[in-house]
Amino acid sequence: MAKHHITATVNGDPVEFLCEPQETLLDALRDQLHLTGTKEGCSTGDCGACSVTVDDRLVCSCLMLGVEAEGKSIRTIEGMAQGDELHPLQQKFLEHAALQCGICTPGFLVAAKALLDKQPDPSETEVRYWLAGNLCRCTGYDKIVRAVLDAAAELRGA
Amino acid sequence: MRYEAPSSLEQAVGLLAAATGDARVLAGGTDLLVQMRTDILNPELVVDIKHIPELREIKQEGGGFRIGAAATGAELKEHPQLKTVWPGIVEAANLIGSTQIQGRATMGGNLCNGSPAADSVPALIAAGAKASVVGPNGRREIAVEDVMLAPRKLSLGKGEIIASFILPAKAKGSADAYLRFIPRTEMDIAVVGCGVCLSVAADGTISRARVALGAVAARPLLVEEAGKALVGSKLEDAALNKLDAAAGAACKPIDDKRGTKEYRIKVAGVLARRAAAIAYERARKA
Numbered sequence: 046m047a048k049h050h051i052t053a054t055v056n057g058d059p060v061e062f063l064c065e066p067q068e069t070l071l072d073a074l075r076d077q078l079h080l081t082g083t084k085e086g087c088s089t090g091d092c093g094a095c096s097v098t099v100d101d102r103l104v105c106s107c108l109m110l111g112v113e114a115e116g117k118s119i120r121t122i123e124g125m126a127q128g129d130e131l132h133p134l135q136q137k138f139l140e141h142a143a144l145q146c147g148i149c150t151p152g153f154l155v156a157a158k159a160l161l162d163k164q165p166d167p168s169e170t171e172v173r174y175w176l177a178g179n180l181c182r183c184t185g186y187d188k189i190v191r192a193v194l195d196a197a198a199e200l201r202g203a
Numbered sequence: 021m022r023y024e025a026p027s028s029l030e031q032a033v034g035l036l037a038a039a040t041g042d043a044r045v046l047a048g049g050t051d052l053l054v055q056m057r058t059d060i061l062n063p064e065l066v067v068d069i070k071h072i073p074e075l076r077e078i079k080q081e082g083g084g085f086r087i088g089a090a091a092t093g094a095e096l097k098e099h100p101q102l103k104t105v106w107p108g109i110v111e112a113a114n115l116i117g118s119t120q121i122q123g124r125a126t127m128g129g130n131l132c133n134g135s136p137a138a139d140s141v142p143a144l145i146a147a148g149a150k151a152s153v154v155g156p157n158g159r160r161e162i163a164v165e166d167v168m169l170a171p172r173k174l175s176l177g178k179g180e181i182i183a184s185f186i187l188p189a190k191a192k193g194s195a196d197a198y199l200r201f202i203p204r205t206e207m208d209i210a211v212v213g214c215g216v217c218l219s220v221a222a223d224g225t226i227s228r229a230r231v232a233l234g235a236v237a238a239r240p241l242l243v244e245e246a247g248k249a250l251v252g253s254k255l256e257d258a259a260l261n262k263l264d265a266a267a268g269a270a271c272k273p274i275d276d277k278r279g280t281k282e283y284r285i286k287v288a289g290v291l292a293r294r295a296a297a298i299a300y301e302r303a304r305k306a
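Protein chains in written order, with the working numbering: chain A, 46 to 203; chain B, 21 to 306.
Calculated from the structure, these hints are not laboratory results.
There's no promise every hint is true.
[Unchecked claim] In silico contact screen, one side only, chain B against chain A (beta carbon under 10 Å); selected entries:
#1 46
#2 117
#3 120
[Said to hold, decoys possible] Pulled from the structure, derived: some chain B residues nowhere near chain A, Cβ distances all over 12 Å:
#4 125
#5 158
#6 239
#7 274
Even glycine gets a Cβ: it sits at the ideal position worked out from N, Cα and C.
The whole structure should be built from the sequences, with the hints applied where relevant.
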């Protein structure tokens, strides 16, 4: 079967790639576009490590085909920092030690940014429910939740 | 595998009807891609229906709503009127998976995946929703409770697609509710799900009620006896006891890691009581 030629936007830049029809968006991002910041955890939509946004909608990139990305605007963890300047969420994750092994971190950051873009002043409960689809096996979540709330406060003040 | 993304229902039906091997409809993909990944399915053709306008739209029609089968849970939640008119359906659809899953998962997929535990299905059945099915012989409407026959088995023929769901006009004093029981707060599959939709007269007497249960039989059930138990009552204890008994009697559950048969039967009655109370409260204000 011929590969599909896909044209999309990733982190604001136009991209083109070839992908097999059954290839996931996650595999296309990592293997065709070499954007390996998006991680593969479970591959079944349970862990959220592969979170990206597609047309501003948070999704698991393991549960979307690469061919479905045609014409879409995708944002990944690589688009979060501005050059050397970390996004406030990234900075707060460091300050709160909201990561240990780091595999879940890009997914948490992308998911948390999608929340704050929609709801700049979330309650702790809202943060916990929003991030229920992101699994972390190291930190136990409290530090992550505190980092997100702190980043939200900073972004509101900025 | 061949991937097609037609822009019309006719094209989609044509592709599915002409397929010689296993052909699958791709809506949100949250079940299909997992099943492909784990080699449960290995389709020869995947037809992505998200480029067909009717399948994505949520619109008011005939006093009720028509919801595209491929509208996502997030889109249902964000619709300005839907949640006010049919809160139970939106709550049920929004219980499916995480925020990420909500960005993709659809009610058409939830039904056609053919799981007895699908959350949105009992809510749709309770609401009296119809599925608008398009196939090689044109369009037909079938009650949502008649779509699924058994786990992974549907009453749809080759080439048929659910294009949209039709929610009836909601009478004054009517409301719905859906409750699911899972052993944790979030991200699990129903042990039992229960949808209730009822209408209340000005004096508080229930004039009409539909009760549907999920995860307690080989397919989601419309429990007519449970609805009858409520009609004529003001949700007094006697009526709730009859509802509880009727819900339990309708269950033909399996034992599995989420619950035993006895447990599911007990929980079905409890959820029916609680969902009826929520629907009643809403209906008094509607």
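Hints, one by one, checked against the model:
1. 46: This hint holds: residue 46(B) lies near chain A, its Cβ roughly 7 Å from the closest one there, short of 10 Å.
2. 117: holds, 7 Å
3. 120: holds, 5 Å
4. 125: Given a closest Cβ separation of 9 Å, the condition is violated.
5. 158: Per Cβ check, residue 158(B) is outside 12 Å of chain A; nearest 29 Å; holds.
6. 239: At roughly 24 Å from the nearest Cβ of chain A, residue 239(B) sits farther out than 12 Å, so the non-interface label holds.
7. 274: holds, 22 Å
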